[in-house]
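*Asks:* From just these sequences and the hints, can you work out the full model?
Quick mapping for you: the protein sequence lines, in order, are chains S and U. Quick note on numbering: my numbering labels position 378 of the first sequence as 378, and the sequence is numbered without any gaps. Quick note on numbering: my numbering labels position 103 of the second sequence as 103, and the sequence is numbered without any gaps.
With a straight-line cut-off of 20 angstroms between C-alpha atoms, the simulated EDC-like cross-links for lysine to aspartate or glutamate are:
id: 1; chain 1: U; residue 1: K155; chain 2: S; residue 2: E101
id: 2; chain 1: U; residue 1: K55; chain 2: S; residue 2: D559
id: 3; chain 1: U; residue 1: K54; chain 2: U; residue 2: D178
id: 4; chain 1: U; residue 1: K55; chain 2: S; residue 2: E137
id: 5; chain 1: U; residue 1: K54; chain 2: S; residue 2: E133
id: 6; chain 1: U; residue 1: K55; chain 2: S; residue 2: D555
id: 7; chain 1: U; residue 1: K54; chain 2: S; residue 2: D555
id: 8; chain 1: U; residue 1: K54; chain 2: S; residue 2: E137
id: 9; chain 1: U; residue 1: K54; chain 2: S; residue 2: D559
id: 10; chain 1: U; residue 1: K55; chain 2: S; residue 2: E133
id: 11; chain 1: U; residue 1: K54; chain 2: S; residue 2: E134
id: 12; chain 1: U; residue 1: K55; chain 2: S; residue 2: E134
Pair ranges (Cβ atoms, derived):
id: 13; chain 1: S; residue 1: S461; chain 2: U; residue 2: L149; range: 51 to 57 angstroms
id: 14; chain 1: S; residue 1: D620; chain 2: U; residue 2: F49; range: 51 to 57 angstroms
id: 15; chain 1: S; residue 1: D620; chain 2: U; residue 2: L183; range: 47 to 53 angstroms
id: 16; chain 1: U; residue 1: P80; chain 2: S; residue 2: A447; range: 52 to 58 angstroms
id: 17; chain 1: S; residue 1: F763; chain 2: U; residue 2: V89; range: 48 to 54 angstroms
id: 18; chain 1: U; residue 1: F49; chain 2: S; residue 2: A167; range: 28 to 34 angstroms
id: 19; chain 1: U; residue 1: P80; chain 2: S; residue 2: A167; range: 14 to 20 angstroms
id: 20; chain 1: U; residue 1: H141; chain 2: S; residue 2: Q557; range: 34 to 40 angstroms
id: 21; chain 1: U; residue 1: L183; chain 2: S; residue 2: K642; range: 55 to 61 angstroms
id: 22; chain 1: S; residue 1: K642; chain 2: U; residue 2: L149; range: 53 to 59 angstroms
id: 23; chain 1: S; residue 1: A552; chain 2: U; residue 2: P80; range: 24 to 30 angstroms
id: 24; chain 1: U; residue 1: L170; chain 2: S; residue 2: A552; range: 36 to 42 angstroms
id: 25; chain 1: S; residue 1: E101; chain 2: U; residue 2: L183; range: 30 to 36 angstroms
Calculated from the structure, these hints are not laboratory results. C-beta: ideal position from N, C-alpha, C; glycine also.
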Amino acid sequence: MNARRARIIAPWLIGVAAAVWIVAQANYVTDLSAFLPAKPTPLQKQLVDQLRNGPASRLILIALEDDESQVRAHVSLGMAQRLRNDSEFSNVDNGEPVSAERDRDFLFQHRYLLSNAVTAQRFSAAGLRTAIEETIENLATSTGLMLKSLVPHDPTGEMLHIIDELARTQGPRTQNGVWVSADGARTLLVAQTAAAGSDTDAQERDLDAIRTAFRASVTATTGSAASAMQLRMSGPGVFAVAARAKIKRAATRLSVVSSLLVIGVLLSVYRSIAALILGLLPVATGALFGIAAVALGFGAVHGITLGFGITLIGESVDYSIYFFIQSLRRDALGSASGSWQRLFWPTIRLGMLTSVCGFASLLPSGFPGLAQLGLYSISGLIAAAMVTRFVLPVLLPPGFKIRDVTPLGEWLGRHRDSVRRFDGVAVAGAACALAIIALSVLYRQHATLWNRELSSLSPVSLRDQRYDATLRSDLGAANVLDLIIVGGPSLEAVLRGAERAKVPLQSLVDAGTIGEFDSPADYLPSLATQQNRRSSLPDRRVLQDNVRAAAAGLDLQADQLSPFIDDVEAARQGALVTVQDLHGTSLAAGFGALILHQSDHWNALLPLHAVNGAATPDIDVDRVTAALGAAHLQDTHVLDLKDQTDALYASYLQEAIRLSLCGFALILLLLLFALRSPLRVARVLAPLVLAVLAVAAGLAVCGQQLTILHLVGMLLIVAVGSNYALFFDDAGTKQRDETSPLTLASLGIANLSTVIGFGLLSFSQVPVLEALGETVAPGAFLALVFSAVLTSRPPPAAASADTADA
Amino acid sequence: MSMTLHLPSICFAVLISVAADAAADDLDDVMHALAGRRHGEVSFVEQQFLSLLKKPVVSSGELIYDAPDRLQKRTLEPHPESLLLSGNVLTVERSHHSHVLELQSYPQVLPYIESIRATLAGDRTALERIFRLQFSGNLAHWTLVLVPLDAQIAKAVAEVRIEGAKSDLLEVQIRQADGDRSLMTLHAPVGQ
Chain S
1 MNARRARIIA
11 PWLIGVAAAV
21 WIVAQANYVT
31 DLSAFLPAKP
41 TPLQKQLVDQ
51 LRNGPASRLI
61 LIALEDDESQ
71 VRAHVSLGMA
81 QRLRNDSEFS
91 NVDNGEPVSA
101 ERDRDFLFQH
111 RYLLSNAVTA
121 QRFSAAGLRT
131 AIEETIENLA
141 TSTGLMLKSL
151 VPHDPTGEML
161 HIIDELARTQ
171 GPRTQNGVWV
181 SADGARTLLV
191 AQTAAAGSDT
201 DAQERDLDAI
211 RTAFRASVTA
221 TTGSAASAMQ
231 LRMSGPGVFA
241 VAARAKIKRA
251 ATRLSVVSSL
261 LVIGVLLSVY
271 RSIAALILGL
281 LPVATGALFG
291 IAAVALGFGA
301 VHGITLGFGI
311 TLIGESVDYS
321 IYFFIQSLRR
331 DALGSASGSW
341 QRLFWPTIRL
351 GMLTSVCGFA
361 SLLPSGFPGL
371 AQLGLYSISG
381 LIAAAMVTRF
391 VLPVLLPPGF
401 KIRDVTPLGE
411 WLGRHRDSVR
421 RFDGVAVAGA
431 ACALAIIALS
441 VLYRQHATLW
451 NRELSSLSPV
461 SLRDQRYDAT
471 LRSDLGAANV
481 LDLIIVGGPS
491 LEAVLRGAER
501 AKVPLQSLVD
511 AGTIGEFDSP
521 ADYLPSLATQ
531 QNRRSSLPDR
541 RVLQDNVRAA
551 AAGLDLQADQ
561 LSPFIDDVEA
571 ARQGALVTVQ
581 DLHGTSLAAG
591 FGALILHQSD
601 HWNALLPLHA
611 VNGAATPDID
621 VDRVTAALGA
631 AHLQDTHVLD
641 LKDQTDALYA
651 SYLQEAIRLS
661 LCGFALILLL
671 LLFALRSPLR
681 VARVLAPLVL
691 AVLAVAAGLA
701 VCGQQLTILH
711 LVGMLLIVAV
721 GSNYALFFDD
731 AGTKQRDETS
741 PLTLASLGIA
751 NLSTVIGFGL
761 LSFSQVPVLE
771 ALGETVAPGA
781 FLALVFSAVL
791 TSRPPPAAAS
801 ADTADA
Chain U
1 MSMTLHLPSI
11 CFAVLISVAA
21 DAAADDLDDV
31 MHALAGRRHG
41 EVSFVEQQFL
51 SLLKKPVVSS
61 GELIYDAPDR
71 LQKRTLEPHP
81 ESLLLSGNVL
91 TVERSHHSHV
101 LELQSYPQVL
111 PYIESIRATL
121 AGDRTALERI
131 FRLQFSGNLA
141 HWTLVLVPLD
151 AQIAKAVAEV
161 RIEGAKSDLL
171 EVQIRQADGD
181 RSLMTLHAPV
191 GQ
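*Replies:* Dropping the structure here:
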């Protein structure tokens, strides 16, 4: 006996140790990538890059509220200064003209390479004349006196032209030298983190750094840390950090509470600490093996997969319940009636295999979160079932006993019997009627039944999303949801692409389809373009002649323009502008935000701005796509982040529905093979299908749109419920008079623990957990009730009716 | 004895203080008169004399003032442009572009526009924050010369010279440190 025990326990312990080692070594990721495709198309890849590393993902919008605007301005200045000294932030902007002088010097020095007005024609005698006339007219405006010092150097007005181009998009309002919202109620800052938005740990550190800078600045400004001033932050990183904390909090709290409740139920049933501890072994082993399998199979474990670990408890705890309670029956009947392994294990095994079939359908999903959940559940369930079957029996201490729960089973049996007293035809009719009602509800709402927006899974509250939108409009930030992406093998290639895209985009601006657009080429033209401009500048002698000819008859003295002639000659001889030249100017940050570089691939981003004051802030993406398509630009795409992510999610949903139906077909085949009777298969599946339909219809009636997690919940209903139906079916076909009271008790207790666990989830504020809870808790309960009524062997008189119903 | 010896100096002191009071009184009278006006609209012609150009550039338009702190300079010819100073915010609109600036971030603009607005408002305190004031004349016809206090501003603008009669401004001349100047002549629009 001892050798046999060792042969079983040793491999189990070795397996557990290996799993612990893998779990400890595994790489855990908490970013959005659980929701992003595993094998992306090029466009999807760019989408993923954007969401994970794009400049938009690195922005933290900061607002200071309450207190006087003067005080807020001081705090803003203090915070910006502190954060600018922190290498974790690549840029901090609060409206201060920190590098205005350097910006001006840079633009002025390179004006003949940066201005898109520079052509050979402009420097001919006629071109110069037109440009100089315009400059003289400009002198007649109020700003003329201030600008006149520029004229001898820049009579063609290139500097003003560049500034006008860069200032096409209006920044926020300034008050007391810093940015404020249009109503002046909020002081605004924008920080760009050095770390990617998907690096939630780094984002959390950065948020803490901002809070620290805020407190320090408040103390420095007001002389005390106590202030009415509020710090509020928003942005993708803020949301990611908040979501993670929220899920962690909810998952921890709920699993503690539900574990305590389930433990309480089990303790009151078993009256045995040993049974309780032994009963948790399959659960713990299953969870360990599940995570280890995911780590091995996927290389990294998504945090969200761990979050769903709680769901596994729902079914794996059942196994040990069945084992302990049904073992009592063997004791009651005497060992002659056969061991638990012979009597009940085949049924549990079939139930387990049914669940595995259901979850296996998730494996091929392109949604990494779902595929991981599938693998996790399969390995976890198999491990839990194996531990129950092989390890628990040998671990039972001699004289192990739990309380006899026969009275509970008899009580449940009386309830079941009272329902079954109804005529079989009536029961079958009621079941059919329920199915028809549910189906008609679902059919009537089929258009709005599924929520196809990824945000339906987002734990970010609507209030926070609105606040984010408010800050974005305060800042006049580009609509970062719509952008043009130009890809290429080098910076030069994507800058040229951005320059080519400017033509169709400008026509869209003129047509009023979009308000404006940003382009990295506005900050730094491609070398080719710069070269063109440089070579269009005439040499000194020609320019002198042209200036003389142009000035003849104008009010400008030609001899005043010798600085101009020197500067043009310097530009002609000078080097082209490179990224290094941008360094130290505020343009560097603007440029950096619009360029993405990953190994050998470059992307230029051209964010689109909606038309100012438009009724809807949405951009007609189809028209933008059409305009770009007509221009035949290479490797240039319109990316509508919201539409694309929603489309992606909708495709997952579609795929998940299809896969779940495949899983259902697989379950059907398995049961046909195992039970070898279509009638029995129908009797087993009818209550489960009915439970799923009833829950789906119930949610629809309550106005709850279904998400991918509801679908997973339905799979769980089938997984958990199949055990119930199989037990009732088994008891019926083996010609035992009735499902024994002990079996009934074990089902009742297993069901109670499932309903407690998932019922608590439905109170969660996290949409993914809530969806699972509100599906599985009622579904599991209904599956038990329907199984008890429909599957358990009815009195002989109703047998024919039962057949009809099946 | 001692009394007679001291008498002339006392008389001198009294004389000086009377003269100073007269000038101060006149400035206060003008300021008071100006402050009494809630709204004003005049047309202007502005000539800029720049050493760069052979002849002055001329622009014209209208100046609209609403007490206490809103001044709009609308240039109509030759290039339409609007300069609106309201409170602390300067909005420049020009060929579809609009720029919003905060006055205190651009102190170099102050002599060009705050000089006129603060004068129209009769706000002596505001003027004295930025300029040293030299007043001559009396309420019927006065000249106010404003010299920037800030050295940085003084590098660009030597002085702003405003001429007026009672609560009307007649002429604003801005003299730059390099000798260039602009001369703005104000007229009540036809019909007023």
